[in-house]
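Please model the entire structure based on the sequences and the hints provided.
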Amino acid sequence: MKIDLSLFFFVEAIGTIAFASSGAMVAIKKRLDLLGVIVLGVTTAVGGGMLRDIIIGNVPPALFKDPVYVLLAFITVMLLFIIVRMNQEILAGRSIETYEKVMNIFDAIGLGAFTVVGIDTAVLSGYGDYDFLIIFLGVITGVGGGILRDIMAGQTPYVLRKHIYACASIAGAILYAKLMNCMNGNIAMVIGACSVILIRLLATRFCWNLPTATKN
Amino acid sequence: MKIDLSLFFFVEAIGTIAFASSGAMVAIKKRLDLLGVIVLGVTTAVGGGMLRDIIIGNVPPALFKDPVYVLLAFITVMLLFIIVRMNQEILAGRSIETYEKVMNIFDAIGLGAFTVVGIDTAVLSGYGDYDFLIIFLGVITGVGGGILRDIMAGQTPYVLRKHIYACASIAGAILYAKLMNCMNGNIAMVIGACSVILIRLLATRFCWNLPTATKN
Amino acid sequence: MKIDLSLFFFVEAIGTIAFASSGAMVAIKKRLDLLGVIVLGVTTAVGGGMLRDIIIGNVPPALFKDPVYVLLAFITVMLLFIIVRMNQEILAGRSIETYEKVMNIFDAIGLGAFTVVGIDTAVLSGYGDYDFLIIFLGVITGVGGGILRDIMAGQTPYVLRKHIYACASIAGAILYAKLMNCMNGNIAMVIGACSVILIRLLATRFCWNLPTATKN
Chain Z
2 MKIDLSLFFF VEAIGTIAFA SSGAMVAIKK RLDLLGVIVL GVTTAVGGGM
52 LRDIIIGNVP PALFKDPVYV LLAFITVMLL FIIVRMNQEI LAGRSIETYE
102 KVMNIFDAIG LGAFTVVGID TAVLSGYGDY DFLIIFLGVI TGVGGGILRD
152 IMAGQTPYVL RKHIYACASI AGAILYAKLM NCMNGNIAMV IGACSVILIR
202 LLATRFCWNL PTATKN
Chain W
2 MKIDLSLFFF VEAIGTIAFA SSGAMVAIKK RLDLLGVIVL GVTTAVGGGM
52 LRDIIIGNVP PALFKDPVYV LLAFITVMLL FIIVRMNQEI LAGRSIETYE
102 KVMNIFDAIG LGAFTVVGID TAVLSGYGDY DFLIIFLGVI TGVGGGILRD
152 IMAGQTPYVL RKHIYACASI AGAILYAKLM NCMNGNIAMV IGACSVILIR
202 LLATRFCWNL PTATKN
Chain V
2 MKIDLSLFFF VEAIGTIAFA SSGAMVAIKK RLDLLGVIVL GVTTAVGGGM
52 LRDIIIGNVP PALFKDPVYV LLAFITVMLL FIIVRMNQEI LAGRSIETYE
102 KVMNIFDAIG LGAFTVVGID TAVLSGYGDY DFLIIFLGVI TGVGGGILRD
152 IMAGQTPYVL RKHIYACASI AGAILYAKLM NCMNGNIAMV IGACSVILIR
202 LLATRFCWNL PTATKN
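Residue numbers (the working numbering), protein chains in the order written: chain Z, 2 to 217; chain W, 2 to 217; chain V, 2 to 217.
Just so you know, these hints were derived from the structure itself, not from any lab. All C-beta atoms, glycine included, are put in the ideal place defined by N, C-alpha and C. Where hints are given, some of them may not hold.
Claimed, not checked - Below, a list of computed lysine to aspartate or glutamate pairs in the EDC-like style, where the Cα atoms sit at most 16 Å apart:
#, chain 1, residue 1, chain 2, residue 2
1, V, K179, V, D130
2, Z, K66, V, D130
3, W, K216, V, E90
4, V, K216, Z, E90
5, Z, K216, W, D130
6, W, K216, V, D34
7, W, K66, Z, D132
8, V, K30, V, D67
9, V, K66, W, D130
10, W, K66, Z, E90
11, Z, K66, V, D132
12, Z, K216, W, D34
13, V, K216, Z, D34
Claimed, not checked - According to the in silico footprint, chain V covers these stretches of chain W (three or more CB under 8 Å from chain V):
#, region
14, 77-89
15, 105-119
16, 200-209
Structure follows, in structure tokens:
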């Protein structure tokens, strides 16, 4: 049911770094202090998994018992804070563009990894028969951290606003939930995660957007 | 302890439709995309019950195991989205007034139904002896979805701002919690729900408002 | 493991009054109605403990089973509401300064008491071996009510914005978690709580602030 842990740890670690960075950048742009930057960064990285664990009654959430991802998120945030603090002009310079391109790819990888991990956790907790539940848990693991980040930062959650962000997670979650019953679990997991990443990157590249109810 | 399920399903369905519509309209007015409209609509409809279930440890919350109300909310939101998309001028026209009047009545029915269902769920889960708890759970089932809607949409929760909204739910919840011990449960439930609906409709009709601490 | 209950009840009561007042004042300044003032006040007072209990699966949260602090918060809020309502000019007068000074001290006491109580609850629930978890639970008990208050009031959480608020709680929580293993529990608890209060008061007095990433 689980693919090679070391590979998976690596993929989740990339996602953690990307999510922590996105939370920290929101906090830095809002001019929050060091603690605010740490809280938003770490919450973005591990908040989705925490919501998932609370919803299925897996308490205390896994992140508290084995805070390895919390630590990784913390280190990421501290590094980012120090770099920005040292180079004030960095936020306006050209390197920020490269940074954002790399982080966008990392973020897509994290979204894919977290989505399938969320489903896996739900299935391992014995809820494999509830299709809607496991898909929801996959998606909330993927996008929940970003929702908490935006609620705490006082902005309408990013996933509600634009780009095919949650949609990529939903599509991959449905794919993995369906495939896991008819083929090798590991392969299904990789297909699910990769489809999330692919949809997300294509959506960013080609500016795909969902329709709104009111035109113009 | 439970009244005729088919009647109750019908009443809850009306509430679900009204709550889903209110969430979807907030999202449409905020110009969120299709996914944002769906998420806000469905969250408003089922969020109160989810909060209640998490608070009493009834996990995963009922809505995930039997997502019939999620489906109903989803269909409601999609229909509303398509109608607004097809008739752009509808949001400014006269039919919107009729729509809002009907939805206001539906919303009151939903508030009444969800409040007594919340209390019933708490009692059936074995917390009948904790008066404060079951009243709170009734109220949070009634108003929780709207609170989540407003937090996600970045506005101060409606229930905190005006009209006797939560008050209607609180009054009916107290009434039902008291009556259920001294008369037939079904009748107490109907009285509780109807008192919520009545107070809510009278408050809208006569613009009742609670006092604020600072005048003018 | 627990110090004299009557003393502790007294200290927690001071914290409850301070937290309820701070929530009520935010609501009054936002011109919310009576219910909004009550909800924000009570949530600020008991919200941290509720979050803690949900995270460790201690459901329904303690506050619902024995709502003594809810009642105390409610009375505090009602008194404050009536006083402001009776004396409209009080919010602009000189007595408000004295009030804010007293409340600031009460708030520091509450932060200290809630932090160590949160850790104690976590340890008594059997999580004494998870350092990160118990420290987190102590801090969330201390600052969680204020975070909920700010999210509901639609402002960026105070703890994310300024003053050494959460930091005081974190420092005291770490201290208590470390000391409790190597000395008498009651004394460790008092040292932990007092260090929170001291850091908090010193930070207010000398305007300590954490650095931000961007200067000026």
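Status of each hint after checking the structure:
no.: 1; hint: V:K179 / V:D130; verdict: 11 Å, holds
no.: 2; hint: Z:K66 / V:D130; verdict: 9 Å, holds
no.: 3; hint: W:K216 / V:E90; verdict: 11 Å, holds
no.: 4; hint: V:K216 / Z:E90; verdict: 11 Å, holds
no.: 5; hint: Z:K216 / W:D130; verdict: 53 Å, violated
no.: 6; hint: W:K216 / V:D34; verdict: 11 Å, holds
no.: 7; hint: W:K66 / Z:D132; verdict: 9 Å, holds
no.: 8; hint: V:K30 / V:D67; verdict: 30 Å, violated
no.: 9; hint: V:K66 / W:D130; verdict: 9 Å, holds
no.: 10; hint: W:K66 / Z:E90; verdict: 52 Å, violated
no.: 11; hint: Z:K66 / V:D132; verdict: 9 Å, holds
no.: 12; hint: Z:K216 / W:D34; verdict: 11 Å, holds
no.: 13; hint: V:K216 / Z:D34; verdict: 11 Å, holds
no.: 14; hint: 77-89; verdict: violated (count 0)
no.: 15; hint: 105-119; verdict: violated (count 0)
no.: 16; hint: 200-209; verdict: violated (count 0)
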